[in-house]
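Spelled out from the first residue to the last, the chains are:
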Amino acid sequence: MADVGRHPNIELLAYSEVENVAGYVGNFTVTVRKKARYVDVKECTACGDCIDVCPVTAPDEFEEGLATRKAIYQPFPQAVPSAFVLNIDECLGNNPIACGKCLEVCDKDCIDYDDKDEHVDIDVGTVIVTTGMEVYDPTELDEFGYTRYENVITSMEFERLINSGGPTEGHLIRLTDHKQPKTVAFIQCVGSRSENKGNPYCSNICCMNTVKDCLLIKDHYPEIDIKVFYIDIRAFGKGFEDLFQRSKEKGAIYIRGIPGEIEEDPETRNLKLYVENTTAGGTDCHEVDMVVLSVGVHARADSDAIQKLLTLQRSQDGFFLEAHPKLKPVDAATQGVFFAGCAESPKDIKDSVTQAGAAAARANRLMMQGKVSVEAITSTIIPDLCKACGICVKVCPYNAISCDTKAKTPAVVVEAACSGCGACSAECPFGAITMKHFTDRQIEAQIDAMLEYNSQDKVLAFACNWCSYSGGDLAGTNRFQYPPNTRLIRTMCSGRVDKKFVLRAFARGAPIVLLSGCHFADCHYINAVHWTQRRVEKLWDELEKKGIRPERLQLEWISAAEGQKFATVMRAVEDLRQKVTPEEIEHTKKALAGVLEPPKPKAAAKKATEEEAAAQAAA
Amino acid sequence: MAEEAKFKCLRCMSEFCLPYTPGVTEERTCPNCMSNSVRRLKEKKE
Ligand code: SF4
Ligand code: SF4
Ligand SMILES: [Zn+2]
Chain A
1 MADVGRHPNI ELLAYSEVEN VAGYVGNFTV TVRKKARYVD VKECTACGDC IDVCPVTAPD
61 EFEEGLATRK AIYQPFPQAV PSAFVLNIDE CLGNNPIACG KCLEVCDKDC IDYDDKDEHV
121 DIDVGTVIVT TGMEVYDPTE LDEFGYTRYE NVITSMEFER LINSGGPTEG HLIRLTDHKQ
181 PKTVAFIQCV GSRSENKGNP YCSNICCMNT VKDCLLIKDH YPEIDIKVFY IDIRAFGKGF
241 EDLFQRSKEK GAIYIRGIPG EIEEDPETRN LKLYVENTTA GGTDCHEVDM VVLSVGVHAR
301 ADSDAIQKLL TLQRSQDGFF LEAHPKLKPV DAATQGVFFA GCAESPKDIK DSVTQAGAAA
361 ARANRLMMQG KVSVEAITST IIPDLCKACG ICVKVCPYNA ISCDTKAKTP AVVVEAACSG
421 CGACSAECPF GAITMKHFTD RQIEAQIDAM LEYNSQDKVL AFACNWCSYS GGDLAGTNRF
481 QYPPNTRLIR TMCSGRVDKK FVLRAFARGA PIVLLSGCHF ADCHYINAVH WTQRRVEKLW
541 DELEKKGIRP ERLQLEWISA AEGQKFATVM RAVEDLRQKV TPEEIEHTKK ALAGVLEPPK
601 PKAAAKKATE EEAAAQAAA
Chain B
1001 MAEEAKFKCL RCMSEFCLPY TPGVTEERTC PNCMSNSVRR LKEKKE
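In order, the protein sequence lines correspond to chains A and B. Residue numbering for the first sequence follows our numbering, beginning at 1 and increasing consecutively. Residue numbering for the second sequence follows our numbering, beginning at 1001 and increasing consecutively.
In short, the hints are calculated from the structure, not lab data. Accuracy of the hints is not assured; some may be wrong.
Derived DSS-like pairs: lysine-lysine, alpha-carbon spacing no greater than 25 Å straight-line [said to hold, decoys possible]:
#: 1; chain 1: A; residue 1: 546; chain 2: B; residue 2: 1008
#: 2; chain 1: A; residue 1: 182; chain 2: A; residue 2: 227
#: 3; chain 1: B; residue 1: 1042; chain 2: A; residue 2: 546
#: 4; chain 1: A; residue 1: 600; chain 2: A; residue 2: 408
#: 5; chain 1: A; residue 1: 538; chain 2: B; residue 2: 1042
#: 6; chain 1: B; residue 1: 1006; chain 2: A; residue 2: 546
#: 7; chain 1: A; residue 1: 250; chain 2: A; residue 2: 212
For reference, chain A alone in the conformation it holds in the complex (with noise of 0.2 Å):
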């Protein structure tokens, strides 16, 4: 922290606030608040003589309330820069005359209590995720007890209690009579693998924190019986096996299960547990002096202020998700963001120091080669075609289109920012935006050959390029049997399927047509998938306004890893193809026969060039 905020390189703003981000790789302006500090940073030296005269205490935070600080403070004593700060809304000196009692006694005048937050613009080239997680509240747990029974507490709290500088100089207490506890039992889980209450994830680092906390109390007080209850034991790390066995050979007595309820005895205010024998059945009753509860973590409450500043995506278990799980584990869907940390799930120190290293050095790639490189499949707008009605950048989930709709004047794609789902192709009622390597004509132009002939026996399928076309290669390669005729169309995103590409397959006689994207918790960009099923849900509409079946056009989500499914939905679907009559495709042909005129010529012949051109680009 201390060379962080030393190094030449690095400007850190603490105790700040990022408010806006605007902008794209290598052009983001960031706004960030500084908070109004109220005291001199470049001044003051942490000597704490206006410590002595506060006369307000409150919690201090960083001991998890185990002890107070006063309303003129240092977050915690490594704090870099190495200054203090003022709680206004706790501080008397925001009326002079009722205090003012730093203000009296710094000799370095560091004190302003008219301080004001500021407003920076930041321009950067990328961006950083970093911003961590939050530690399960375990109160809801009733069956524990915490908050009811005072020798009850959290892991974070026997952290500070069993440290050094913390409140009791690491000497472990119990917190009801202040003396050296004989037993205490760690439960592990708590509030993870749970579906009930907390989140259904492991939390990956309570299990080693406990293991080491064993090792830390034997170390010091080999005296002290300890037992886990736990589910299992993840040791899964460089060592951590080695550690857990440290921690048997020294004592710790590890015992399967989970304690279904924890009873005080307001007498001795020892804890019983009482926990199920998973090896002789029955239940089994353990008395200790202390309980530690191995709390889990989750993704901060503010996660979702943070996705939308800078357009991310996250995993169901609300941490933020990376652009590829295997090839991209620290880069965002946005170009130019990258995540280090809990921010991306929960980890230890060292996965969180090793992903810091990598996203720094993926963010010094990009900004070291002064240009990004993008792919060839992003958007273009053709401008004689474009109306400026704004409505592609409300699709874009990328913000990659600006357009004055005031001014009229035509929509802007900033390729740089464009990730190629073509949403907004798909979206402009006006045709005015096309795709780099999937434009309209190459679309139609496979819809056209797949239903040249016996249009009647086949089934055309739209799939994404990222899950259910790979879906459909997991299909393949484990040998899941699927029906042969089904036609396959890849596009990059099923946000990219245009309504006229579906009427026009069954305007050429398709029975069925399917559109398979990836699952909305896997949408590979943000959103663009809420996009599809709203289309969807008007062309069933639409379809049924036709007479024409609205089954017809066939919608799944699948994920590359449901090889299975890819099979399964095939087939499902080539049974409802089988039902469809040559009456219906025949009326369906006609119904729809408007699709296939040509366009106006003048907006026919536009789009035609730029297609070129952009094709042209492209290669």
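Following the hints, put chain B with the ligands in place on chain A, whose structure we already have.
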């Protein structure tokens, strides 16, 4: 509490109720055949 609405599966044609918030797009699955071709049945105006 989210409202419920009536949905129809366009694969197996079964009808069922699912939570529904107007204006919110959600991934839906037919409880009968697991298809995602789930269409909301709009109430017909009298
Ligand atoms: S949706 Fe189409 S017409 Fe509307 S602003 Fe975008 S490109 Fe122009
Ligand atoms: S293709 Fe997708 S990412 Fe690119 S501008 Fe259009 S909506 Fe945005
Ligand atoms: Zn169904």
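Sort out whether residue 546 of chain A lies within 25 Å of residue 1006 of chain B, counting only the CA atoms.
-> Within the cut-off at roughly 23 Å; holds.
Straight-line alpha-carbon gap residue 600 of chain A to residue 408 of chain A, limit 25 Å | Holds. Residue 600 of chain A to residue 408 of chain A sits at ~22 Å (cutoff 25 Å).
Within 25 Å, alpha carbon to alpha carbon, are residue 1042 of chain B and residue 546 of chain A?
-> holds, 17 Å
Satisfaction of hint between residue 212 of chain A and residue 250 of chain A, Cα-Cα up to 25 Å | Distance ~12 Å between residue 250 of chain A and residue 212 of chain A Cα, so the pair holds.
Restraint check for residue 538 of chain A with residue 1042 of chain B, where alpha carbons must lie at most 25 Å apart | holds, 12 Å
Straight-line Cα separation of residue 546 of chain A and residue 1008 of chain B no greater than 25 Å?
-> holds, 19 Å
Is it true that the CA of residue 182 of chain A sits at most 25 Å from the CA of residue 227 of chain A?
-> Within the cut-off at roughly 11 Å; holds.
Comparing the model with each numbered hint stated earlier shows that all of them hold.
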